[in-house]
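Chains A and B are the protein sequences, given in the same order. In this text, residue positions in the first sequence follow my numbering: the first is 460, and each later residue adds one. In this text, residue positions in the second sequence follow my numbering: the first is 9, and each later residue adds one.
Any given hint might turn out to be false.
Some chain B residues well away from chain A (every beta-carbon gap over 10 Å; in silico) [said to hold, decoys possible]:
no., residue
1, Asn53
2, Leu307
3, Arg320
Going by beta-carbon spacing under 7 Å, a handful of chain B positions derived as facing chain A [unchecked claim]:
no., residue
4, Cys371
5, Pro448
6, Gly452
Read the hints as simulated data drawn from the structure, not as lab findings. Quick reminder that beta carbons are idealized off the backbone N, C-alpha and C, glycines included.
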Amino acid sequence: MRVGLFVTCLVDLMRPRIGFAAITLLESAGCEVVFPETQTCCGQPAYNSGDREAAQLLARKVLREFRHCDYVVAPSGSCSGMIREHFPELFRGEPEYEDMRGLAARTFELTDFLVNRARLGDVPGRFDGVVTYHDSCAGLREMGVKHQPRQLLAKVAGLQLKEMERSETCCGFGGTFSIKYGEISAKLADNKCQDVQASGADALVLGDLGCMLNIEGRLRRMGDHKTRVLHVAEVLAGIEGE
Amino acid sequence: MQVRSMHFKAAASQKLADRRLQDALRKTQGKFVAGRAQAILELENFDEIRDAARRIRDRVLEHLDLYLEQFERNATARGAVVHWAENAEEANRIICDIARVHGVKKAAKSKSMVSEECALNDALEAAGVQVVETDLGEYILQLANEPPSHIVAPVVHKSKDEISDLFERHHQRARKESVPDLCREAREVLRPHFLSADMGISGANFIVAETGSTLIVTNEGNGRLCTTMPRVHVAITGIEKVVPTLEDVTTLLRLLPRSATGQSITNYVSVTTGVRAPGEEDGPEHFHIVLVDNGRSRLLGTDFQAMLRCIRCGACMNHCPVYQTIGGHAYGWVYPGPMGSILTPSYVGIENALDLPNASTLCNQCGVVCPVKIPLPELQRKLREKQVERRLRPWTERLALRLWAYAAAQPEIYSLGARLAARMLRRMGGSERLIHRLPPGASGWTQGRDMPAPEGKTFHELYRQRSAGR
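Extracted from the complex, chain B is given alone in its bound form (with noise of 0.2 Å):
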């Protein structure tokens, strides 16, 4: 997918003033945010599961390689074959060779967003082979030539109206208004495409290293229909999806869910192990599983490698007061809010996603809602660390920051800027003490609001006034 995250401020701009989008926000977020709070509440030691699945991902990720290599065993003996795709291109490549060799016209896609970081869609037409978007969310964006904003609801930026003009365009029937309709009408168009279709393409929300399974959770049913029904299955995933056991993937079952939509339990946990057997009804006949790493492996060992026990639920962006103001589209690659703002500059290049860990308020809601504890404000600071190391900052916000550093170290030089400060910002406000509009540099202030005006004296000189007097 093509990098827009350098015009974050100006789609942000753009998206505060979209009325529609902010009814669609608003409306969703209520949802998510009381569901999760609701759904928490059915297990007593939440906090301990949140730890036991932090202390899963971390020995994953310690010992990434050997886990790695056991889910490559168990699932080659089972019939699958594993690729390993160390970029984008290496992985459209792969899974267009196997499209190729098997003479596949038409794909059946469930949801992944791996599969939107590598732009396959793009890369199978390219190839000639027609996709079909089967989850709901992505076949409403696939008809409206748009990327998802939201990693589970991909289509949350969307009021229904849409939906029933989009439906209306493509479909050629009669135009549907109530959900139940819409979603009828959606799969009598879906179903003859899963039957038809030569391949079948899924992600995997875990790879499970002791069964070599891959392991799917999803709503719609449309995941178990793509896994199972076309001859060719590819899964595409990435490389700290494994998960050592089957027995831990149920302890980060019960938050993922949880924490992404306020489920107790998905309505479909698919997990796929092998071919299809001598004698079995079902099932593919070829399993390619396609294991991409694309930046992944450059955290391990870095200040990041936290962000890759991330499991995808979405709660960060769910209670995000950013994301919920300017949608997932503004952060213009394909994971938004606050995981996105550490994914995006670690997976793209820092130099090409400037503005995302900067633009949070580091209010840690985010940290506090995450299954996996992954402390994301600090990684943001610490990215906008490497912004100053790299000089990847403005000079005037350089040089404004250590003329503040050096005076605040030095205390005549700083009580003198205060006092005088005081009394300019003082007199400016006049006498409604409000300030209406702050000089350059500040302005950004003001564009939304007053500055209260102060009260004309530092603390530190009535203080010592105070003490003179007593």
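Extracted from the complex, chain A is given alone in its bound form (with noise of 0.2 Å):
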């Protein structure tokens, strides 16, 4: 079957290798792997800002790209959100709504995608430590992603998953949020950073780019340059960097 993936702007900019453990992923679950070049953005920052029009403007774009994919995955639970959940619903009544539709169908969460889809058997990844899992909003409430990560994580070799107290509070990132009320995001990262320490794993795997900025960010604000913060794609890729 021919996947489409889709980067995700954050992964594009900030940790490419993330998109490549995607890729890796999916190739070793038997999937053709096509990455449509012109892509940028799924329109969520503007859909989330009030701006309709110019997230309508990007989703035709994200339809015209994906075309002629069998399926649409990214690795991130809010853009795939954004695609599935919210494309159908800003063309309404609209000519585009069927395809809109049609897409929203055909795209997955990339964990989602690897367990009920692509049926991924033994994974490449190798983590000898304990972490542990933070749900991201829009993976769990928007995707239902939550066993199929921890599922996956299970098959690495060495790897133990110890859970959090309040895995699934949000850590505040929240997209444009996390920029105009600056310090009630960082106190909401404050208080998931938290939850990660007395965890006491030795890393925090998620599924969302900015949830991984934000945490990332405020642990090492305060000072903790010891818990790592992984995306759930490169621990089950084995390609986790520095």
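Given two chains presented individually in distinct reference frames, assemble the corresponding complex, making use of the accompanying hints.
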């Protein structure tokens, strides 16, 4: 099956290795992976800032770019959630509505896709240590991602998962919220960091770049340079960086 | 109540630094969240009940005029007088008139958020009526001269020590330290007021169209005293609170206390129907029901109609990470948290509460727990769209969004920008790979955290390199 990788603008800019990890995983599950090179962003920043017109513009662009793919997979619950839950809503009553519904039905968050569609067997990764998992809001509450990453992490040799308290509570990222309401956002990140630290894990693993940058940024500001923050794809593919 | 929502940011900042508030919030949130989680397990079909409840509320809102008229007919037939108030001033005028006609000197009041909307106490005091709040939380706030910070637990922001101080100062009795002692003292002070009040004022959680009844759920019993002891009873509530039948009420009551406090049922569920009939021993001689619009009917037929389903359980704020970090006062009006972020701009004007719909991560924890499935984040987003449509956002933000959207629609321009940004930010991160200070526009991020630096090249670049090398 032909899988279009929607790499997301944050992975593109901040952590390209996560994109390659996603390709590795999809390929080891037997998928043909294509990467439409004109892709940029799903439009969520515009959508959540109330700029519907800009959001529609970018949604149409995503639709065009991934028209030829059987599936669209993103290493992010937030961006895949934007496409699956909100693209159709953006075009309710407009000619593109049915196309958007089709696109939405083909769009998956990476771990959900690996478990429920591609049925990935073994994973290449190895990790010696204890990790804890943060459930990102859109992944959990829009895309139903909860057991999938845990199921996959259980296959990683050497890895031990230890759940933290309040793993389902928002880390405070919230897109432009993190900048507009920096103080509140940082406080929410701080609460999350305390739960991460209390779990005693060597690394926090999660599935969304926004949460990743937010939590890692707060951990470092608190002086914690020890707890690693990793995307689930990196850990599964065994290519986590420095 | 005066609207202070435009000062949200400054207020939130102050609340974040308030240790006592932070402790108080942490203590109660755990209780509410765990309590609800436990209580909903008692119901095998919780989600189906939620759907049924939503349908009941939607049906009412689709035919609000019909149910309200039915309510008025049935309430009137049982000797109550129904008044219609278009706004807060009208509600206050109606109730002050009732007080005057009946020569009321003192009113004993049970909890009502609509009366907070109207600032009813101020109006009555100005008309020479002494108002005594009898809900323990509201009584404490009346002594402290503060507004509630939560719709169900109005005094959630106060510590026990602060309450001990307040009681000692106002009651002029020996300082009480334990919760039972404090409650006993409040009860002793309040009892004489129930007996001497000429008027009882209550809210209504629901009003029932088929019987013309008003219904309140309480835990302290003060509500029942207020609605039965004084010779005049005034119930004030919003027009959206009508429910067709008592049967419908039972469905909603399976959800309300469980979602609010984690109780299967509250200590009291009081249904008040009509005035004291000949031969009956208690109940008021006069029963006035004041139905307040105050902006509600404006939401009918709009995207925001769903908000009127709200049954005021407070689960959205109990589960909101933002509310739990800053408390209710920062929101600046009667209704805090996610429900307030929709109701406040809807009732007092979008332009008077610009921060509220934006000060949310859209995490949807509120939507998940709402017993009547109000899509709160979706409504917050729709309010953001309205702000954009009405050009209420700062021009800098509008320009930045436009530029970004323009670039994101042009792959070449976008990819050039991304490549430049990746390199610049990588350099800013230095050897630690951490950016301690982002430039204006993004500096909100680095107020309280670092920004991890990017790897230095974009995925697009590396992918192209890899494809070329294959």
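Each hint tested on the structure:
1. Asn53: holds, 20 Å
2. Leu307: About 19 Å separates leucine 307(B) from the closest Cβ of chain A, which puts it past 10 Å; holds.
3. Arg320: holds, 23 Å
4. Cys371: Result: holds, 4 Å to nearest chain A Cβ.
5. Pro448: Since chain A brings no Cβ nearer than about 11 Å to proline 448(B), farther than 7 Å, the hint is violated.
6. Gly452: holds, 3 Å
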